[in-house]
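Q: Below are the chains, spelled out letter by letter.
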Amino acid sequence: MTLLRKSQGLQPGLGPARSTRIGVNLAAMIDVVFLLLLYFMVATDFRSGEDVFRLDLPDRGAGLHEALYEQSEEPLIILVMEDPAHPGECVVSLEGDWPTVENPKDLAAFLTRHRVGGTGEASEAYFARNHPIIILAGSTTAWAHVVSAFNAVVEAGYDAVSLEVQT
Amino acid sequence: MSTIHRRGPVQAQASLTPMIDVVFLLVVFFVAVSQLVDRDRVDMDLPAPSPSAAHQPEEGMRAVVNVLPGPGGSSLGYQVDGLIFAVDKNGQADLIAHLRRRLEQAPDLFVNVRADQRTGWGWVAPVLGAARHAASATGLPMARVRLTVEPEGMEP
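Chains G and L are the protein sequences, given in the same order. FYI, in my numbering the residues of the first sequence are 1 to 167. FYI, in my numbering the residues of the second sequence are 1 to 156.
Since the hints were made in silico from the structure, they are not lab data. A portion of the hints provided could be inaccurate.
What the hints assert, rightly or not - Ranges between beta-carbon positions, derived for each pair:
id	chain 1	residue 1	chain 2	residue 2	range
1	G	121	L	74	39 to 49 Å
2	L	42	G	83	24 to 34 Å
3	L	106	G	25	21 to 31 Å
4	G	157	L	29	36 to 46 Å
To be verified - What the simulated footprint calls covered on chain G by chain L, stretch by stretch (three residues with Cβ under 8 Å from a Cβ of chain L suffice, anywhere in the stretch; the number is not a length):
id	segment
5	21 to 33
6	36 to 42
7	112 to 124
Even glycine gets a Cβ: it sits at the ideal position worked out from N, Cα and C.
Work the whole structure out from these sequences, hints included.
A: Next comes the structure, spelled out in structure tokens:
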């Protein structure tokens with residue numbers, strides 16, 4: 001009743017009085033909300049977006065390894081192994097009678113030179129853009145080295161790359 | 001006497017409502033973003049090839065598989081959607097089943113693979129195999145995998 005009278009501008013037993021305003025004090029809530037905002041701004045880890053390599057893995061069915069080698073063109077096999085002499089570094093080589101490459105940079109240069117439409121002579125363009133390439137890495141080879149080899153192949157303009165574990 | 005003087009003094013007040021709206025929106029944004037970051041990204045040193053041929057990921061649904069780094073280049077397990085799968089045969093089967101469920105819900109799903117640069121390739125390869133098997137079991141012609149790397153110039 002008292003509240004009703006107050007809301008109507010009445011005071012108990014005193015009849016009509018001057019109007020009273022009822023307000024909510026927002027200062028405390030704003031303080032708390034600003035503290036929350038500061039907390040989350042400080043606690044949030046603003047990381048840059050990560051880059052990706054796209055890799056479509058087709059269904060091989062039952063013939064897991066046969067399918068790789070039963071292709072119209074002989075795949076180029078890139079071996080990526082840990083360097084026993086220098087732990088933490090890798091050795092890159094090409095299987096077959098190909099020039100020696102020592103690192104992913106050499107590999108990218110070799111692949112670019114011998115790609116059809118690449119930087120080399122037309123007579124040296126052995127590989128089409130979709131020539132099958134297999135990166136064969138040891139199970140203990142660091143992921144960074146495998147990715148470096150994959151990056152070199154993609155950088156050289158090839159798009160049929162497979163990653164395999166050397167058993 | 002002017003009209004203004006007859007009405008009395010004017011009280012100027014700032015309306016706090018828009019500010020409170022904006023601040024609440026910011027709070028909600030930061031709460032949501034910090035949860036997303038914690039759930040998808042496990043703290044690790046991703047490979048950082050240079051010069052990099054990697055690109056920004058295209059938009060789309062994704063399942064992020066984190067290869068949890070262990071001692072000596074090993075892995076402690078695979079984390080996807082807040083779940084951890086062991087690095088044994090049972091864990092591999094569970095990972096395939098989980099990815100299969102996700103692919104059934106979203107056939108266009110990308111499987112993002114995150115692994116520490118020191119982790120051995122033998123610990124990462126089973127994730128690619130699991131993605132391939134899950135896609136095959138769902139009846140899809142291929143698994144859409146993305147290998148996650150650090151952007152160039154952002155090496156840890």
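Q: Would you mind marking each hint as holding or not holding in the structure?
A: The hints, checked one at a time:
1. G:121 <-> L:74: 39 to 49 Å: holds, 46 Å
2. L:42 <-> G:83: 24 to 34 Å: holds, 28 Å
3. L:106 <-> G:25: 21 to 31 Å: Because 49 Å falls outside the window, the suggested range is violated.
4. G:157 <-> L:29: 36 to 46 Å: holds, 41 Å
5. 21 to 33: Answer holds; 4 residues pass the 8 Å Cβ test.
6. 36 to 42: That given contact holds, which follows from 4 residues of the segment 36 to 42 of chain G lying within Cβ reach (below 8 Å) of chain L.
7. 112 to 124: violated (count 0)
Of the numbered hints given earlier, the model fails hints 3 and 7; all others are met.
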